[in-house]
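Since chain A is already given, all that's left is putting chain B on it; use the hints.
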Amino acid sequence: KAGVTQTPRYLIKTRGQQVTLSCSPISGHRSVSWYQQTPGQGLQFLFEYFSETQRNKGNFPGRFSGRQFSNSRSEMNVSTLELGDSALYLCASRPTGRGEKLFFGSGTQLSVL
Amino acid sequence: GENVEQHPSTLSVQEGDSAVIKCTYSDSASNYFPWYKQELGKRPQLIIDIRSNVGEKKDQRIAVTLNKTAKHFSLHITETQPEDSAVYFCAAPERSGSARQLTFGSGTQLTVLP
Numbered sequence: 009k010a011g012v013t014q015t016p017r018y019l020i021k022t023r024g025q026q027v028t029l030s031c032s033p034i035s036g037h038r039s040v041s042w043y044q045q046t047p048g049q050g051l052q053f054l055f056e057y058f059s060e061t062q063r064n065k066g067n068f069p070g071r072f073s074g075r076q077f078s079n080s081r082s083e084m085n086v087s088t089l090e091l092g093d094s095a096l097y098l099c100a101s102r103p104t105g106r107g108e109k110l111f112f113g114s115g116t117q118l119s120v121l
Numbered sequence: 016g017e018n019v020e021q022h023p024s025t026l027s028v029q030e031g032d033s034a035v036i037k038c039t040y041s042d043s044a045s046n047y048f049p050w051y052k053q054e055l056g057k058r059p060q061l062i063i064d065i066r067s068n069v070g071e072k073k074d075q076r077i078a079v080t081l082n083k084t085a086k087h088f089s090l091h092i093t094e095t096q097p098e099d100s101a102v103y104f105c106a107a108p109e110r111s112g113s114a115r116q117l118t119f120g121s122g123t124q125l126t127v128l129p
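For the protein sequence lines, the chains are A and B, in the order given.
With the working numbering as the guide, the letters of the first sequence map in order to residues 9 to 121.
With the working numbering as the guide, the letters of the second sequence map in order to residues 16 to 129.
This is chain B alone, in the form it adopts within the complex:
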């Protein structure tokens, strides 16, 4: 099955700096890579996703890059703000029979220091 590894597990940055979180996946057939943000005590929410037919996608201060050859994808947050502090999860789909489920990385606790 799909194996998703996420690094680093914790990340502290100064407000205004950039943050980068990286994930690797094992199934070369995977074609969809979402990122979820989970604030303390709240539900995980999809913040950005990318499909394998593109190498990069941006949405304001966040971007995701994908390297299919190396089987890794990264989340980039620029001009970080205190409200960016949260746990971020990457995921990749795993096919099982007729169904597809998401396999998640172990999460990155991002802390933006004022």
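Bound-form chain A, shown alone:
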């Protein structure tokens, strides 16, 4: 079974731009979560989608948004990029919305200049 796939792997943007990141979960997994990872901050929860609905949202500004498609693929969008948005964005999937085990993708490294 293929793992969680994230594209692109690296991204360089400038302040004020917007960016869209993509995540394809493991086949059969319906829940997709997004995390932001920065040095010294660990993994900060952004949001979770299940069956195309956002079920949970972390403490991030409204510039961070996402969506999930009927095939469970998910996209995350960040508008009006700030320097502080530079981070590794990790996507994780799990089989259902109730199980706790997360399977992570390799992440998208976003650099904002």
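Hints were generated in silico from the structure; no laboratory data involved.
Keep in mind that this is a model prediction, so the values were computed, not measured.
Among the clues, some could well be false.
Simulated crosslink set (BS3-like; lysine-lysine; CA at most 27 Å straight-line) [what the hints assert, rightly or not]:
1) Lys86(B) / Lys9(A)
2) Lys21(A) / Lys83(B)
3) Lys65(A) / Lys86(B)
4) Lys109(A) / Lys65(A)
5) Lys21(A) / Lys65(A)
Label pairs and their calculated CB-CB ranges [what the hints assert, rightly or not]:
6) Gln52(A) / Gly56(B): 38 to 46 Å
7) Gln60(B) / Asn79(A): 33 to 41 Å
8) Gly70(B) / Arg81(A): 36 to 44 Å
9) Pro97(B) / Ser94(A): 28 to 36 Å
We treat Cβ as the ideally placed atom computed from N, Cα and C, and that holds for glycine.
Frame of chain A, contents of chain B only:
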């Protein structure tokens, strides 16, 4: 919400020695505690987890212990090897409505010195 604290933030050990990483959590209702390992430039991967109905779980050189009364759990790695060098994250579930998400500790950079 759930608050997970992890210590130490960095840990260096000699090859062959043991390493212990500790985490505390705040929600007494939490019942699942995973540990993830993230090697440099790679994705976090689940290495071991424990549920609250047991106090200890072992898998070869790694083990996790849980003290529900004190609300802390620990990762133990014995006979450390250079390939154990990585960042380790603990986590605990946080319930929000009908969903459960994992709240992660801030990570421990483990370095195994040859």
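Evaluation of the provided hints:
For the suggested pair Lys86(B) and Lys9(A), the alpha carbons sit about 36 Å apart, so the restraint of at most 27 Å is broken. Between Lys21(A) and Lys83(B) the alpha-carbon distance is near 45 Å, which puts this suggested pair outside the 27 Å criterion. A distance of roughly 25 Å separates the Cα atoms of Lys65(A) and Lys86(B); the hinted pair therefore holds under the 27 Å criterion. The suggested pairing of Lys109(A) with Lys65(A) holds, with an alpha-carbon distance near 18 Å, which does not exceed 27 Å.
Straight-line distance between C-alpha atoms of Lys21(A) and Lys65(A) comes to about 25 Å, which keeps the hinted pair within the 27 Å bound. Separated by about 20 Å at the C-beta atoms, Gln52(A) and Gly56(B) break the suggested range of 38 to 46 Å. At roughly 25 Å, the beta carbons of Gln60(B) and Asn79(A) sit outside the given window of 33 to 41 Å. Taken as a hint, the range 36 to 44 Å holds for the pair Gly70(B) and Arg81(A), whose Cβ atoms sit roughly 40 Å apart.
The hint said 28 to 36 Å for the Cβ distance between Pro97(B) and Ser94(A), and at roughly 30 Å that hint holds.
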